[in-house]
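Using the sequences and the accompanying hints, generate a full structural model.
Residues per chain are reported as follows:
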Amino acid sequence: MFRPIESTTASRAVTVQLQGKAITAREGDTLAIALMNAGVFAFRQTPVSGQPRAPLCLMGTCFDCLIEVDGQQNVQACMVEVREGMQLRLQVGARRAEAKT
Amino acid sequence: MTHDLVIIGAGPAGMSAALTAASIGMKTVLLDEQPRAGGQIYRNVTAVDPKVATLLGPDYTHGRTLADRLQLSGVEVHYGAMVWDVARDLTVSVQHDGKSFQLRAPQLIAATGAMERASPMPGWTLPGVLNAGAAQIALKSAGAVPSGPVLLVGGGPLLLLVACQLLEAGATVAGIVETSPDSNRGAAMNHVMGAISTPTYLAKGLRMIWRLRKAGVPWFTQATQLRIDGRERVEGVSFITNGQQRHIDCSVVLLHHGVVPNTQISRLMRVAHTWDRNQLAWRPNVDEWGETSLAGFRIAGDGASITGAIAAEASGEIAAIGAAHALQRINSSERGQRATRARTALAKQLRIRPFLEALYRPPQWINVPADETIVCRCEEVTAGRVREMARLGCQGPNQTKFFSRCGMGPCQGRMCGLAVTQVLANELGKLPDQVGAYHIRTPLKPIPLASLASMSSKTTCGT
Numbered sequence: 016m017f018r019p020i021e022s023t024t025a026s027r028a029v030t031v032q033l034q035g036k037a038i039t040a041r042e043g044d045t046l047a048i049a050l051m052n053a054g055v056f057a058f059r060q061t062p063v064s065g066q067p068r069a070p071l072c073l074m075g076t077c078f079d080c081l082i083e084v085d086g087q088q089n090v091q092a093c094m095v096e097v098r099e100g101m102q103l104r105l106q107v108g109a110r111r112a113e114a115k116t
Numbered sequence: 011m012t013h014d015l016v017i018i019g020a021g022p023a024g025m026s027a028a029l030t031a032a033s034i035g036m037k038t039v040l041l042d043e044q045p046r047a048g049g050q051i052y053r054n055v056t057a058v059d060p061k062v063a064t065l066l067g068p069d070y071t072h073g074r075t076l077a078d079r080l081q082l083s084g085v086e087v088h089y090g091a092m093v094w095d096v097a098r099d100l101t102v103s104v105q106h107d108g109k110s111f112q113l114r115a116p117q118l119i120a121a122t123g124a125m126e127r128a129s130p131m132p133g134w135t136l137p138g139v140l141n142a143g144a145a146q147i148a149l150k151s152a153g154a155v156p157s158g159p160v161l162l163v164g165g166g167p168l169l170l171l172v173a174c175q176l177l178e179a180g181a182t183v184a185g186i187v188e189t190s191p192d193s194n195r196g197a198a199m200n201h202v203m204g205a206i207s208t209p210t211y212l213a214k215g216l217r218m219i220w221r222l223r224k225a226g227v228p229w230f231t232q233a234t235q236l237r238i239d240g241r242e243r244v245e246g247v248s249f250i251t252n253g254q255q256r257h258i259d260c261s262v263v264l265l266h267h268g269v270v271p272n273t274q275i276s277r278l279m280r281v282a283h284t285w286d287r288n289q290l291a292w293r294p295n296v297d298e299w300g301e302t303s304l305a306g307f308r309i310a311g312d313g314a315s316i317t318g319a320i321a322a323e324a325s326g327e328i329a330a331i332g333a334a335h336a337l338q339r340i341n342s343s344e345r346g347q348r349a350t351r352a353r354t355a356l357a358k359q360l361r362i363r364p365f366l367e368a369l370y371r372p373p374q375w376i377n378v379p380a381d382e383t384i385v386c387r388c389e390e391v392t393a394g395r396v397r398e399m400a401r402l403g404c405q406g407p408n409q410t411k412f413f414s415r416c417g418m419g420p421c422q423g424r425m426c427g428l429a430v431t432q433v434l435a436n437e438l439g440k441l442p443d444q445v446g447a448y449h450i451r452t453p454l455k456p457i458p459l460a461s462l463a464s465m466s467s468k469t470t471c472g473t
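Heads up: the sequence lines are chains A and B, in that order. Under this note's numbering, the residue at position 77 of the first sequence is numbered 92, and the numbers go up by one with no gaps. Under this note's numbering, the residue at position 158 of the second sequence is numbered 168, and the numbers go up by one with no gaps.
Just so you know, the hints here were simulated from the structure itself, not pulled from any lab data. Glycine residues also receive a C-beta, built at the ideal position from the N, C-alpha and C atoms. None of the hints are false.
Here are some, though not all, of the chain A residues that point toward chain B, as calculated from beta-carbon distances under 8 Å:
| # | residue |
| --- | --- |
| 1 | 17 |
| 2 | 44 |
| 3 | 70 |
| 4 | 75 |
| 5 | 78 |
| 6 | 89 |
| 7 | 96 |
This is the structure:
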């Protein structure tokens, strides 16, 4: 959906895992930007009707970029910067409580 | 008490308030949810790629001066700090790194800025639809631009600025679709003297228009009946302009109908608000020192009224001077003297606002959308459903929330609040002031229970 413009300075590559698939981002990118640069269009499917959604505001107000990060649900992807090895899952439908064993 | 002054938000107003407070010797703490100073207007200005900085120009890099001064000032700053509650006694609850803590001072300045007005229209929930400000944030924070053809829809200086910046950055601008009705021009002419007396802004505007024209960007005006087309993602936009039906293919749509004060904290604090008939938004009532109807609680910058970044810097300074006076650090005459420069700067910035507000007043169909348009994105509630609630007897947004879940999702009414108030006012034949706004409750953003549990017992017991 988005792409980085050619920069004058080199930035360190950071790899995150989206449902088992490696996505390479640049240090300092938010998760939302990293996923949009990687061509991810639908960040989640809504709890109400299952419609696809992606970021609208990129500044923490719309809550449309919610994603699961390292097991924590409903994280605002636009408010978190990429960290090496992050495990991401796209949220499909309503959230549910999972029994911890 | 942990400090003399707590400031929320490290944009122009917050940074300037912190610098002023520090210069008067107040023990100040500044909190911001982002990892770096700047707010949205100067987002990432301390770490931005030099090429992007050049592209964004001096209006953006000006923020670097403030951020650098802040760093040298020794003010206690917490980044990545999300404020999720502010009590009426001004106790601030903050989450940082998954844990919560509390701060308290006799003076509090909320400098939480603006957000873009929602632009509800058919298809606006499709992936690939973003606010114009979001594209600018992508550019500032990550040097990223839309990868396919991008269409800009709406009205306002930011729409044109973003179009220019995207062109400069090498994006493909498929067109600009302006929605401002023709009647805006006549209304704006009543305020043209204010614009002429601020020639730098006028010149900037004309330069942007010239650049876009020169680049041959297709430009449509007075567009109505907009619909964003696509199944799983944006494929194009349909609209009527000059009596003709048009369709433009694109993969990203950027919406913009001006910015409005972010009133989540001021609503949570239950201070008095007024409906601004020119800005078509709520603004908290503040006095000339930024103080709200609650003693000690001040609001500076766009969170009080939309006036722009330079004005925000001045109003931050004025609020901090007001706080210092309230704490008896300076006397009344010193308060007046210290604020002279900021007041002159502020007055200068305010001159062009009536012209811009009239010229880019959003069309009625954005404020009061058609029945089939989703207004509450979280709970997928349409404008028609809100009207139905009004016909069933609901008198305000809180009742429609109970019955329809409109405004009850994770964004807590940030996106739909203004539209719901206006739809209800229209349907009930009342003024927005009579209809009111959503009650905002803690937590301001969802937090995990573990974060709450981590708060030390010493602070949760209110000692």
